[in-house]
Amino acid sequence: MMLTLIILIPLLAGIFAFMMKSEGAKGLALASSLITLGIVAWASCEAYNAPVSFSIPWIPSLGAGFSLMADGMSTMLCLLTAIVVPVVIITNWNKTVDKPWSFYGFMLLSQAGLLGVFLSYDALLFYFFWELALIPVYFLCSRWGGEKRIPVTFKFFVYTFVGSLMMLAGIIYLASQTSGPDAYSWNSIMQAGRALPAEQQQIVFWLIFIAFAIKMPIFPFHTWQPDTYEQSPTPVTIILSALMVKMGLFAVLRWLLPVLPQGVAFWSNTVIILSIIGIVYASLLAIVQTDLKRLVAYSSIAHMGLMSAAAFSSSNVGMHGIMVQMFNHGINITGMWLIVSMVENRWGTRDMTKLGGMATAAPKMAIALVIISLANIALPLTNGFIGEFMLFNGLFQGASPYHITFMVIAGLGVILGAVYTLNMVQRTAYGNTTDMVIAKDLTANEYLGLFIIIGIILILGVYPKPLLDMTAGIARVLVP
Amino acid sequence: MKAIIAATIFGILMMFASILMKDKKAMANLAIASLLVLFGINIWDLISTPAGSSQAYFNNMLSISYYGQMFNTLMTGCTLLYALLVSKEIQRVGAHVAEYFALIFFILCGVYLLSGYNNLLMLFIGIEIMSIPQYILAGSDKRNLKSSEAALKYFLMGSFSTGILLMGITLLYGATGTFSIAGLAFLQSGTISMMAVAGILFVMMALAFKVSAAPMHMWTPDVYDGAPTPFTAYMATVVKAAAFVAFLHLFTYSFGNVSHTWLLVLSVITALTLFVGNVTAVFQQSVKRMLAYSSIAQAGFMLFAVLASNTMAAQQGMIIYAVAYSVATIGIFAVLMKMKDYTYDGFNGLAQKEPLLAFVATIFILSLAGIPLTGGFMAKYYVVMAAVQTGQLMWLVIFGLLMAAISVYYYFRVIIAMYFKQGNAELSSPVTSGDKFMLILTCLLVILLGIAPQLFLVNI
Numbered sequence: 032m033m034l035t036l037i038i039l040i041p042l043l044a045g046i047f048a049f050m051m052k053s054e055g056a057k058g059l060a061l062a063s064s065l066i067t068l069g070i071v072a073w074a075s076c077e078a079y080n081a082p083v084s085f086s087i088p089w090i091p092s093l094g095a096g097f098s099l100m101a102d103g104m105s106t107m108l109c110l111l112t113a114i115v116v117p118v119v120i121i122t123n124w125n126k127t128v129d130k131p132w133s134f135y136g137f138m139l140l141s142q143a144g145l146l147g148v149f150l151s152y153d154a155l156l157f158y159f160f161w162e163l164a165l166i167p168v169y170f171l172c173s174r175w176g177g178e179k180r181i182p183v184t185f186k187f188f189v190y191t192f193v194g195s196l197m198m199l200a201g202i203i204y205l206a207s208q209t210s211g212p213d214a215y216s217w218n219s220i221m222q223a224g225r226a227l228p229a230e231q232q233q234i235v236f237w238l239i240f241i242a243f244a245i246k247m248p249i250f251p252f253h254t255w256q257p258d259t260y261e262q263s264p265t266p267v268t269i270i271l272s273a274l275m276v277k278m279g280l281f282a283v284l285r286w287l288l289p290v291l292p293q294g295v296a297f298w299s300n301t302v303i304i305l306s307i308i309g310i311v312y313a314s315l316l317a318i319v320q321t322d323l324k325r326l327v328a329y330s331s332i333a334h335m336g337l338m339s340a341a342a343f344s345s346s347n348v349g350m351h352g353i354m355v356q357m358f359n360h361g362i363n364i365t366g367m368w369l370i371v372s373m374v375e376n377r378w379g380t381r382d383m384t385k386l387g388g389m390a391t392a393a394p395k396m397a398i399a400l401v402i403i404s405l406a407n408i409a410l411p412l413t414n415g416f417i418g419e420f421m422l423f424n425g426l427f428q429g430a431s432p433y434h435i436t437f438m439v440i441a442g443l444g445v446i447l448g449a450v451y452t453l454n455m456v457q458r459t460a461y462g463n464t465t466d467m468v469i470a471k472d473l474t475a476n477e478y479l480g481l482f483i484i485i486g487i488i489l490i491l492g493v494y495p496k497p498l499l500d501m502t503a504g505i506a507r508v509l510v511p
Numbered sequence: 297m298k299a300i301i302a303a304t305i306f307g308i309l310m311m312f313a314s315i316l317m318k319d320k321k322a323m324a325n326l327a328i329a330s331l332l333v334l335f336g337i338n339i340w341d342l343i344s345t346p347a348g349s350s351q352a353y354f355n356n357m358l359s360i361s362y363y364g365q366m367f368n369t370l371m372t373g374c375t376l377l378y379a380l381l382v383s384k385e386i387q388r389v390g391a392h393v394a395e396y397f398a399l400i401f402f403i404l405c406g407v408y409l410l411s412g413y414n415n416l417l418m419l420f421i422g423i424e425i426m427s428i429p430q431y432i433l434a435g436s437d438k439r440n441l442k443s444s445e446a447a448l449k450y451f452l453m454g455s456f457s458t459g460i461l462l463m464g465i466t467l468l469y470g471a472t473g474t475f476s477i478a479g480l481a482f483l484q485s486g487t488i489s490m491m492a493v494a495g496i497l498f499v500m501m502a503l504a505f506k507v508s509a510a511p512m513h514m515w516t517p518d519v520y521d522g523a524p525t526p527f528t529a530y531m532a533t534v535v536k537a538a539a540f541v542a543f544l545h546l547f548t549y550s551f552g553n554v555s556h557t558w559l560l561v562l563s564v565i566t567a568l569t570l571f572v573g574n575v576t577a578v579f580q581q582s583v584k585r586m587l588a589y590s591s592i593a594q595a596g597f598m599l600f601a602v603l604a605s606n607t608m609a610a611q612q613g614m615i616i617y618a619v620a621y622s623v624a625t626i627g628i629f630a631v632l633m634k635m636k637d638y639t640y641d642g643f644n645g646l647a648q649k650e651p652l653l654a655f656v657a658t659i660f661i662l663s664l665a666g667i668p669l670t671g672g673f674m675a676k677y678y679v680v681m682a683a684v685q686t687g688q689l690m691w692l693v694i695f696g697l698l699m700a701a702i703s704v705y706y707y708f709r710v711i712i713a714m715y716f717k718q719g720n721a722e723l724s725s726p727v728t729s730g731d732k733f734m735l736i737l738t739c740l741l742v743i744l745l746g747i748a749p750q751l752f753l754v755n756i
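Sequence order for the protein chains is A and B.
Sequential numbering of the first sequence, starting at 32, is according to the numbering used here.
Sequential numbering of the second sequence, starting at 297, is according to the numbering used here.
Calculated directly from the structure, the hints in this document are not laboratory data.
Where is the CB? At the ideal position from N, CA and C, for every residue including glycine.
Warning: the hint list may mix true and false statements.
As the list claims (entries may be wrong) - When the alpha-carbon atoms are kept at most 25 angstroms apart in a straight line, the in silico DSS-like pairs for lysine-lysine are as follows:
hint	chain 1	residue 1	chain 2	residue 2
1	B	320	B	717
2	A	130	B	438
3	B	438	A	52
4	A	130	B	649
5	B	732	A	126
6	A	179	B	732
7	A	126	A	471
8	A	52	B	649
9	B	298	B	318
10	B	438	A	179
11	A	186	B	717
12	B	717	A	130
13	B	732	A	52
14	B	438	B	449
15	A	126	A	179
16	A	126	A	395
Stated by the list, open to error - Anything over 12 angstroms on all C-beta distances counts as not near chain A; from chain B, calculated:
hint	residue
17	309
18	315
19	607
20	638
21	681
22	715
23	717
24	724
Just chain B, with the same shape it has in the complex (with noise of 0.2 angstroms):
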């Protein structure tokens, strides 16, 4: 709860440095001071938090657990590097460096409502508070035709998504009579209504949305393409991870008991996610819109946990998705915005001109791609090993290995070009030695994760 607090204070007070403060530097350095002051609560919040046991605020609408605080405690750590990797491209993309930084802090309040609600209209309230930042965050390189596209695609696709959960909300609400995720855990699968099942479906289609699973997906390459690489990577990690755990959190709390009504038409999306993220990828010839195609891809294997979501694994799977994912991913965006060519042809010969900048990106690849001793391995394997456990999901595991070993087609591109091609690639600022020291210890968090990846691990 303190977290909460200290993020829309530290929100608020980003938004009036922007009027008293001049050098864009300085603002980004508050910033990056109040991020780990509240990584710093987060970790006292973590530490006052009993394992297996949780408080409840507000009229018990929001009940931060153990498991919730410790996800957004890693989220708040991911922010932090995060910022650390990329202050100097925010500050690059507009005027209003300090606005950019009140609305990620805003974002996180509203992943840290995510992680802990105990009410549906809580779990609106959060959706929205992380989302309308991002659609001005995606819009903020304000003179870039495709920025601005992006923006005004994501709002209104946003909303119309958002009217759909609200709408699933609604029915539910009609069913049962409560927003309460546990006066919604008594829904029993032989008295289930009709109006339940489709309330339950349009939540389930609102939160596919958010995750960008297919068919929902549409809206994710324009925006990540078009938005600035910066607030890019941000949408496609901390962002969509919280949202992960938001739908992972619904599903096992309150649906579970009923999986018959939603777990074939959820089986179905997660094979098409993958699908379609995996096969689309092939073709781009971007590599900021192959990472795109690729987050969607990343989010049908997040899905495995949600499929899976009675088992201890999937629990677990999830938050150590969650941050391998947002790690390596952070890691190879921060890498992408120092080339001058998002192009794979771009990438041509960085190992002979920028040898630890290819390394580094090889290791966030190679932990993008799921091979072991990364922690990428680790999160894939935690998630198909829930959905193996589940007994009834056999047929999508090897779907998905299959469609992880298409993804290496597209991902080791990139160290093909940079390894073995002849070029000349180009880079858009030089990498000074406080980057080497970042991207470093990002790829030595990519590696601890596939070691160690009990330390990131909660047992609930």
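Next comes chain A alone, as it looks inside the complex (with noise of 0.2 angstroms):
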């Protein structure tokens, strides 16, 4: 019951929200957003130990049931969705929306899809979840974001829908296989996948895949992604890019790796490859852009190809890597979106090229900065390298033959990766102020959200040990 609450009260409200007609909806939105986080909390300390689930019948006669179930994994990526939701509310507070109702509804119901995702334990349920986070994001995109946001999130839209499509025919596909009364949930579909013979599951993985890589997204089913980042709203964009990928990466652990271990062995060096690719390939272009948004949407490629790298090296440790750093990745990447929309607000551009002098003018801002930007390049202490540590440690011990070639190759992004995130600092921060000194430094709500996420960083950085403890279960499940 409490996880069906989990869902069903960003649902409700975001249903009401739409009916409400008036500015209040973004209060409402902010207790809905309090109040799941609330319960997302109460159930991961119940989930700590034991996994906990619920299930009642759906579609008898199909073989779906309702069923939830939460584990350290769910309850992880859960808290993100809840954490980082009030976060975007609480810094977005000033800010003036035309529509404020749609709006906080839409993101509302966005947050219910994304948790559904997470809790679900039925194919069917995940899909309709899978849809249900997807459709208010593309509203979202296209009635809020910028110029050209039409013809890019209706890309965006068809990209990911054909993926579903996709996924949906290989899920058809692995229920028919099945036996007994829940043909849907996941442990048939999981023994279904199992039993297939090897040459059916290296081609229903990609039935699979597909939807996961494009939403990740892995090279080369990427080339949404900047587009949509940049012409999105930043509140949809944190959303897109924090949590919505990780939807990618969190189904290709649960859905795909146990499921397809045949299908995922035949082609893990290819996924591999082409998430190095991604890593250098995202890098550099991040060396070259200008766009402040542009910029950190490639390098949240860059570290996505990295988590889905080691998620098909079959290593304990690299498993538990990406748990860890799903977590952190999304709260990171999150305060890098936030200063962004900061520094667009008050400066009126994202060019690089034009910005420059925020230590000077706002010194709060350009600290956060600065400790954010260190956390997304993993620097230890913060929370980015413990996470990213074990994925290279992962890497390593992977099962494939070329496993030091693709450490050695993956281990370029980091250095890439400090390269745009120093130069993108010093163009920011530092250098020229000419234009720059009559902006404020932040206000009371920014500073709020930014202190959340920076005190996460922190924290994390010195003692991750409870994030580890969560999912170490998980991870030894995943590969034994």
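Combine both chains into one complex, guided by the hints.
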């Protein structure tokens, strides 16, 4: 019941927000997201030792159930979602949006979808939530986005929708192979997948993986991503990059690796190579960007590439690293986007060639930028370090014969990451100060939002044990 | 059976009403009341038919099963919904309002025959009873050249396909010596004669025409575009669904054993239908014409059920598809009829002017595009699942799903126009609170179908 509440609260609050038709929707959204955070925190405590699950029949004739399950990985991602959404609402509190009731309504619906994806333990339900998370984002971007929003969002939607449909075909195929009453439950799907002969697993692998590859995104399925991030309003960009791309990775860990082991074994080198190409390619592109949003977008592709490479390296420590890094990357990139949007609001541009001198004009903001940037390049004592360390460790211990090569090339990403991130810090925080002196420093709500982010960065950087403990069991299940 | 008699009586009643009554509105109200009664009679029939059984009439030429009765009930429900939503538009088409409704009752009578025929002659009679009123309805806007053109085109092409159907039936009779569905089921793969195969293919072509499957779809865009919009809405939904149920019935119970003779041909027809419908719809500038092509595309998905006719999911999927597609299409046509300009640009900025209209239209479109939480998703889901279960149509499933992705392009253009473009969408008539109530009800029905499809399912 607790798990149902986690999904139900944002869902109902979202629907209610639409009907309010007043500025109060903002308050409702904040209240609902804080309540959700409370319940998620409670659920995390409950699920800390043993998974919590909930199941009732839904469409009996199909064998689909409304079953939810919260283990360490799910609760961690729910926690991430539940933290990011209120932070976004708090930092954007003073910003006026057109028709706030629909804006926040869609935000909450999307949150409900995300939480549902992380909790569902039934393939059909999973697919439902997967789409439920997507549709509101489509409307958010197309309605409140930048100048080129309509074609860009449309491309994004069609891309992900094609992926989803292929996944649907894969799910139906697996479900048709099951026997017994609960055809769509995770257990049935897993057994059906494992029982398939290797050649079939190799085909079904792509049917299912393509959806996740587009969502993450890994090279060469990433082309929707920089444009969409650039055109979306920042709160939506945060939802997309901090939470929605995690859906792809989470789905790989839950619905692909355990289900099609032989298919994964066959294709893992291909996927790792694609991911590593993505790391280097995106990092190089990030270096030449002058637009802050595009820079962060490419850096996100690079980080996700590393995670997906580790996901297919079949090493225990790598898996564990992904779980930790999913959380940390979500927090860091949220901080990044918040700063980017503050810069844009104050100085009206995201072009780094025109920026500079934030450290004198807005010293608090500059400090926040530096800390978050350092976390983004995984400096020790920030949360990024432990995750990235484990990822490289995992890649190094991987089962593939080329594991050392993989690791070395992927390691380039770290160096390149430092290049573009530090370059960005230099060009925005320091340097030419002519136009930027007039701006105000952080307002109280922005301060609060960044304080939460930086607090998490530092605490988990120094003491990552809770996060590690929470997800250790899952990693052991995935790679025995 | 009670429903067939009642539908005929109501049809005749409406014809007399046109002489006795002067007020258009009263005629429409009488028709709606009759439909309500008819719906009640159908439910009565449904309750009195035990699940899994069927009742035979006319020397076993008609045998109404629980499944068929369920279909009849749901289609009558859709007709009722349709009449409630668009009765005002029907009154605007021309002077003979009562006749229009009389024709709709006759169409329903044909629908009932098609869901329960047990003999090829009954199939033929059902199709004719259903088609001839449609030819008249297509041409009911007599002053409009396009409407007359649509009627003539539909009539000529329709009679031609009926001829092919008769030819096929004759060949089957020649090969087997029987008209009965059960008799034809004795066709076996080893011993089937060339004449029987030719008969099967002829019948298939004729039925493909009725459901507007490519390459027999050429009439559809012109007829749907030319016919008065309220009647297009009806042709594209209930009538098409009934033709599909007839198609499915025949190919399940008569030709199921000899599927090797027709499966490949029908798969190609399906692929072609999906391709032509979806790709051509992309290039349309008028929403009405787009919906005509989209109905071809949707027919492609319904053909999945016929292809996988031996599975339970196909039978269930057909009902879900028929209802989900009919409700959403009737809904979107009801919105379309409120618009003055049927092009995409005519929808620009509708969300600012009429938020409710835009919202319900969005739900209907999401359903047609097959997005989860709407009936359209569940419908597509069932038929795709049926096709997967056959084990040999995976290529077609993937092709179909890619085509479904294309469909997002043209469906979402309407959403983009309504919500994200600036403009002054003009309405042809004001939206009354009665309209709003009905639209919201339709919209809730679409969502209910998407969340709890088992409410509409029968086990056969």
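Cross-check of the supplied hints:
{"no.": "1", "hint": "B:320 <-> B:717", "verdict": "violated (38 angstroms)"}
{"no.": "2", "hint": "A:130 <-> B:438", "verdict": "violated (46 angstroms)"}
{"no.": "3", "hint": "B:438 <-> A:52", "verdict": "violated (46 angstroms)"}
{"no.": "4", "hint": "A:130 <-> B:649", "verdict": "holds (14 angstroms)"}
{"no.": "5", "hint": "B:732 <-> A:126", "verdict": "violated (34 angstroms)"}
{"no.": "6", "hint": "A:179 <-> B:732", "verdict": "violated (34 angstroms)"}
{"no.": "7", "hint": "A:126 <-> A:471", "verdict": "holds (15 angstroms)"}
{"no.": "8", "hint": "A:52 <-> B:649", "verdict": "holds (15 angstroms)"}
{"no.": "9", "hint": "B:298 <-> B:318", "verdict": "violated (30 angstroms)"}
{"no.": "10", "hint": "B:438 <-> A:179", "verdict": "violated (46 angstroms)"}
{"no.": "11", "hint": "A:186 <-> B:717", "verdict": "holds (17 angstroms)"}
{"no.": "12", "hint": "B:717 <-> A:130", "verdict": "holds (16 angstroms)"}
{"no.": "13", "hint": "B:732 <-> A:52", "verdict": "holds (18 angstroms)"}
{"no.": "14", "hint": "B:438 <-> B:449", "verdict": "holds (15 angstroms)"}
{"no.": "15", "hint": "A:126 <-> A:179", "verdict": "holds (21 angstroms)"}
{"no.": "16", "hint": "A:126 <-> A:395", "verdict": "holds (20 angstroms)"}
{"no.": "17", "hint": "309", "verdict": "holds (39 angstroms)"}
{"no.": "18", "hint": "315", "verdict": "holds (49 angstroms)"}
{"no.": "19", "hint": "607", "verdict": "violated (10 angstroms)"}
{"no.": "20", "hint": "638", "verdict": "holds (22 angstroms)"}
{"no.": "21", "hint": "681", "verdict": "violated (5 angstroms)"}
{"no.": "22", "hint": "715", "verdict": "violated (6 angstroms)"}
{"no.": "23", "hint": "717", "verdict": "violated (8 angstroms)"}
{"no.": "24", "hint": "724", "verdict": "holds (27 angstroms)"}
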